[in-house]
Amino acid sequence: MRKKVHNNIYKEILMKLSYIGGGTNAVPICQAEPRQGYVQGMNEIIGPIYHTFAIDPDKEYRQHAEADCFFCFTNLMAEIRDFFIRTLDEAESGINHKMARLAGCVRRLDPPVAALLDRQELHTQYYSFRWLTLLLSQEFSLPDVERIWDSLFADPVRFDFLIYICCAMILLVRDNLLSNDLRIT
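Heads up, the sequence shown is in full-length UniProt numbering, so the first residue is 1 and it goes up one at a time.
Possibly wrong hints are sitting among the right ones.
[Stated by the list, open to error] Here are the simulated distance ranges between beta carbons:
hint, residue 1, residue 2, range
1, D56, Y164, 15 to 21 Å
2, F153, D118, 44 to 50 Å
3, A154, E60, 39 to 45 Å
4, D58, L116, 25 to 31 Å
5, L109, N180, 27 to 33 Å
6, A54, R174, 36 to 42 Å
7, R119, A54, 45 to 51 Å
8, Y127, D160, 17 to 23 Å
9, P57, L152, 21 to 27 Å
10, Q138, R62, 40 to 46 Å
Note that these hints are calculated values from the structure, not bench results.
Only a predicted model underlies this, so the values are computations on that prediction, with no experimental measurement involved.
We put the CB at the ideal spot given by N, CA and C, even for glycine.
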């Protein structure tokens, strides 16, 4: 039930933010940044941003939630755009590079876990693609996502920080992984 409500909220947000400007001058959000069309998963990024502005205690600020959300979303997408462009997957700014850095982090901090993941052929992309592209927005409850993002966006090397959070998520289930108890992981 909670997941259904969660998805309905995101759909409503997307519908509201689909067009900028409203009325006869409305522009589809994807045309605002023509190099980057909509890619599946962007709605999972825009939802927590909109929610943050929509619940502002100041009514006047809440009235501008959609515009503020759009501004923040386009600025965030400028930073993570390469995660969503397939031709840049192998570039330093691309998603494959980020996943390789996560695998390297696990290998450096916990070689036995890294070796187990390799033996089991649990490739990093199987579990971390969504974590990294959606900035963990699907892994935690909305209040937790907002708290993580608050720290993430405050950090000037935010994507290094994101990789360390993802690595910590793996290391937190270390004992389950090493005991082959994968039921709760």
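For each hint, the structure was consulted:
1. Our hint of 15 to 21 Å for D56 and Y164 is violated, since their Cβ atoms are close to 30 Å apart.
2. In this structure the supplied range 44 to 50 Å is violated for F153 paired with D118, their Cβ-Cβ distance being about 33 Å.
3. Look at A154 against E60: about 25 Å separates their beta carbons, and that is not inside 39 to 45 Å.
4. With their beta carbons about 50 Å apart, D58 and L116 fall outside the hinted range of 25 to 31 Å.
5. Judged by the Cβ atoms, the range 27 to 33 Å given for L109 and N180 is violated: they are separated by roughly 21 Å.
6. Checking the proposed 36 to 42 Å range against A54 and R174 shows it holds: the Cβ atoms sit about 38 Å from each other.
7. Restraint check, R119 to A54: a C-beta distance of roughly 46 Å satisfies the suggested window 45 to 51 Å.
8. In this structure, Y127 and D160 meet the distance hint of 17 to 23 Å, their C-beta atoms being roughly 19 Å apart.
9. Between P57 and L152 the Cβ separation comes to about 23 Å, which falls inside the hinted range of 21 to 27 Å.
10. Judged by the Cβ atoms, the range 40 to 46 Å given for Q138 and R62 is violated: they are separated by roughly 26 Å.
The structure fails hints 1, 2, 3, 4, 5 and 10 (numbered hints given earlier, in ascending order).
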